[in-house]
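Novice: Could you slot chain B onto chain A? The hints should help.
Just so you know, the sequences run in chain order A and B.
For what it's worth, the working numbering labels the leading residue of the first sequence as 215, then goes sequentially.
For what it's worth, the working numbering labels the leading residue of the second sequence as 11, then goes sequentially.
Simulated from the structure, these hints should not be mistaken for lab results.
Some hints could be false.
[Said to hold, decoys possible] Some, not all, of what chain A presents toward chain B, calculated at C-beta under 7 Å: (1) Pro527; (2) Phe544; (3) Glu545; (4) Val550; (5) Gln553; (6) Arg555; (7) Glu556; (8) Glu602; (9) Ala606.
Remember, predicted model here, so these are calculated numbers, not experimental data.
By construction, the Cβ of each residue, glycine as well, lies at the ideal position given by its N, Cα and C atoms.
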Amino acid sequence: MLRTKLQGRILLLACSLGSTVCRAQAGGVSTGAVSVPVYDAQHRPITAGGFVERGTIVFQDRTRQAGLSAWSHHEGSDKKAYIIESLGSGVALLDYDRDGWMDIYLVNGMTYSALAGTSEPPHAALFHNNHDGTFTDVTAKAGVANDRWGVGAVAADYDNDGWVDIYVTNAGINRLYHNNHDGTFTDFAEHAGVALGAWSTGATFGDYDGDGWLDLFVPGYTAYDVSHPPDPGSNAVVSNTCKFRGVSTFCGPRGLVGAPDHLFHNNRDGTFTDVSEKAGVGDKPGYYGLVSLFVDLDEDGRPELLVGNDSTPNYLYRNKGDGTFEDQSFESGYAVNGQGRETATMGIAVGDYLSTGLLGILNTDFSDDYKVLYRNDGKLSLTDVSPEAGIAQPSMSYLSWGAGFLDYDRDGRKDILMANGHVYPQVDQHDWGTSFAEKPLLFHNLGAGKFAPVEAVRGTGLAAVTTARGAAFGDIFNRGRIDVIINNHEGPPTLLSNEDPNTDHWIEFKLIGGPKAPRDGIGAKIFLTSKGVRQRGDVLSGGSFASSSDPRVFFGLGDASTIEKIEIVWPDGERQKVPAPPVDAIYTVDQQGGIIEVLRSSMAAASPFQYAKVRAASNAH
Amino acid sequence: MLTNAGAPGYKLRRTAFLIAGLLFVMTSSLIAQQFISALEQARQLIINNNFTAAQAILLAAIHTSKEPGEAHFLLGFVYFREHDARQSLAEYTLGAASRRPTAAEFRVIGADYVLLKDFADASRWFEEATTQEPLDPSGWYLLGRSKYNEGDYLRAAECFQRVLAIHPSDVKAEDNLGLAYQALNRLPEARKAFETAISFQQVSPSKSGAPFLDLGELLLQDGQPAKAAEALRSAVLLSPSNPRAHEQLGLALRQIDNVPEARIELEKAVALAPDSSPAHFELGQVYRRLGLKEQAAHELELCQWLTATHSSVEVPNYDTSQDPGLP
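Same shape as in the complex, but just chain B:
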């Protein structure tokens, strides 16, 4: 006989076990509820871009939960938004122990690798996302960008065409298709794509300066500075805080001998990108042409100083209208 069911001690112990079990279930349920609530709270904070608070809540939730998989996934996303790709990937790896990531999560994982400039791995995970959700255009777009960065321009063009098959008037995809064609030396097709992207925008309430900038740069490289200036003026109008748009317009204007306006644009480029030595050089050259010796000397000295301290940094292209968005 292993039990003594009739004994008074047995009843007492049984009751104690039952109470303990009940308490456990109640506590677990409470913890689970708290965990779910913590996740919800974190999501709200993420939506409000309060990543620090979201991070604290998620770390606490992970600490208390026995199945913190979802918290790891969310925390991975928080780290991604904070541009901490390595931490983000670590969290996704922990999360993946509990379940297979969704297509959206694969897109973030891919984007983490993009931040690490590991485009081969990025493409791998973007491919996963497109396999899971072949009708989601964002996966194809991101895969296209990653392939572009890998130098696989043909595949990049295919990806952008997939986006356009789903969203026929997607400005970003059409514009990037142009960039891929440009990289493939298919310049007439590139120009057509940029112009098509611009035409898509005519009926859109929100317009991007990017296709105008890309078209302008293409025309400038093609030795058509007057036409380039026209496109670049639109780029500057739509993206007034993009130093590259101002720089390229300045270069185009200088080439068509509109030196006073070139000066204005290059001054804006320098103000927006003070660490870019080429912009200082170009402005210095314009000052020279205008006979402004002191200003020229100052800009060229800055250029010299910047190139002495590190390799030249190209005028950056901050186009806020082209935010890649959340994967």
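This is chain A alone, in the form it adopts within the complex:
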């Protein structure tokens, strides 16, 4: 002990005066060194600038045209004095009315005046897709306003009735919105036994025991009492962790008591049983869980469980196949980054970015920390390849949340998009090279494991500077293009419409499982081979940050106009070979009946908004 103390003292002096570069622990939730600020020509932090005048327009911000800008996210007060006011909320893409088009569910926060009953609470919103590039708010009719301090949404058909349901996590009691098949929902959370009541975050659905019914995992963040918030020096704060780079901020999550995680087994009767302890995923240390994802990482046909924890090590639980999990967090390398440091994980994305058939993992985290890309070496061995992949340095200044692997340019390689925004408004008052509102980061997959940031053209979607949190990815307008919907903290959402000018081919699959696999195919994998390259796509529910993406599996095909082979591995282990259909269409594949439906691209134009104009013009005639 004496030795440690002595070394500490020597270190203090040596770090400060000697030649050593010492990486002092930053006050907030990053664990890396204070990063070197990067500015653009106008001396704006790179997180809110660095735009170029000309270049390829990949995304356009179509929020207003789509009719989404009237809705706004709110939580807490403008002061952002407490951590609960900073987290923001997620978003889900789902086809709740089975019309073949993705609808949008945006989670909202809560205000103190609403809690006190003196104002309307901020409502969550369900936007129905009008098939013309616009949406209609159907929240009231659907009965999904939540009106609690909302965090995340995950969409899945938990009762195998063929209609997608929504699980909404809250800082408080959660909701399980059961789909009534008529455009309305009923909250069955209490009845189903999944209401909880603590601070739940990014949940995930998956059939961990292979019984054909989706189970539910819900991470817990911190034990939080709105009536006794964690002020500096209060009993709610274990130690003084209320500073970032020496500046007073809200307290936590370090220093706050962590909340446990919960695994709910589906009883197949509309109810669930909490099996967290028995399954070995209860989070005994009380890490600050923010996001989770059921996904098969070791190719044994059973989903592992990933849990991204804020400021504490992440979990990777290996599915043992007997209803229990083995903690492989540190053994796999997933607990910490390649430097052996725990990170403030906010989001998780998985994707076969190397086309090896193995899923790599991208974790988003705090500013001053690079975002971590783990290469999957098989057998649950992960290697942090962020620096050599070109992800580390460009991502350092950003505080990133929702993320996804998406083939935005349909070249057959999965790219990466991160949605960004800081938690401390104070960062705008200091010259730290970061900002409260930040632009999204898009990385183009160059092949061979290398990525390059895509330049943000001024006035386009990549130059939209927002306080992003949750992000969901999907072919929102059935054009064979992956769009992004982002739920911004304290503001309207951002709809990034994919308007990349490429004319490459693509194909997309909606899966219907059963009778032994979950009806919505969650947990299924599709292997597609074209031009000798074998791609993998998974049906997943959860991940990103507290969000849920389009469950349909999308493949970019480059200039290949034919497909050599398609194989689906269903969650019950069945392997189904699907005859290769023509490209540039969306196919519905039934586990028993093969391809049962085809939807050709009805909106061939790069922008659905051009299509909408055309349609409006023809209607006028």
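Specialist: Okay, now just chain B, sitting in the frame of chain A:
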């Protein structure tokens, strides 16, 4: 008439006053001599690193002296050497009531603020020192380090260049110039500075591992693990008790698939810095690659335990050859 000079009582009183005055002068002189002697004694004890004894003598001297300013200054220095920055600053404040601190004393005051991680105040006092003694390289060096810690890398680089203008072959200044360039993303210049610092050492009898370590880390970050390993081997040779040098060499060796040697280096890093969770993690990963499951599990458990108890602590860089020295 206010006095009665002719009276016998007057003479007696006058004599008594004279004796008392003489005694006072003699006593004062004795006390002053004792005070000076105490200061000298304390200085010797400080040189011999016997700070406890020096502290006792200085406290006694302050107690007995009516003008204890110099003792306060010396005691401030003793507290600094004992890493008690707050006490040190309190003593310097008391000392400053008697006279303006010298440049050397300003350097210690600045260093006290460095210990308190108050780099803005540290820079302020180091600036004072450089104003008083613009040709003293140590003031510029300390100011450069403080500016570096403040994140003012440009000013830090300027300060190190001032040191080099006075002492053209100063290894520490050249090495730190490299660090400042690195922080400014001027990587080719950083690399050149590290290499120059290394070249300065070729003719020097005492060599430091620091520029080799800094060059190695730079090359490692730049994706050149083989070249990094070369530099880091020199760092380890020159600073065998620096855990960071062993850790970085271990990482470089692991990247070039020299896993057995990486294991040796990371084992040394862990032995030297047992509380650093990253070193345990890296060693655990190397054990895994070597198929040593039990050892891997042990190291990863240690890593898990350490991260559960507190945030990860980076592998420290104890480079004894880079002692900042007395300001």
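Novice: All hints, please: hold or fail.
Specialist: For each hint, the structure was consulted:
A cut of 7 Å between beta carbons decides the hint on Pro527 (chain A): the least distance to chain B is about 5 Å, and the hint holds. Contact between Phe544 (chain A) and chain B, as hinted, is supported at the beta carbon level, the nearest pair being about 4 Å apart and thus within 7 Å. For Glu545 (chain A), the suggested interface contact is upheld, since its CB lies about 6 Å from the closest CB of chain B, less than 7 Å. Because the closest C-beta pair between Val550 (chain A) and chain B is about 6 Å apart, less than 7 Å, the hint holds.
The interface hint given for Gln553 (chain A) holds, since its Cβ lies 6 Å from the closest Cβ of chain B, which is under the 7 Å cut-off. At its closest, the beta carbon of Arg555 (chain A) sits 5 Å from a beta carbon of chain B; the interface hint therefore holds under the 7 Å criterion. Among the interface hints, the one on Glu556 (chain A) holds; its C-beta lies about 5 Å from the nearest C-beta in chain B, closer than the 7 Å criterion. Contact between Glu602 (chain A) and chain B, as hinted, is supported at the beta carbon level, the nearest pair being about 6 Å apart and thus within 7 Å.
Interface hint at Ala606 (chain A): violated, since its Cβ lies 9 Å from the closest Cβ of chain B, which is beyond the 7 Å cut-off.
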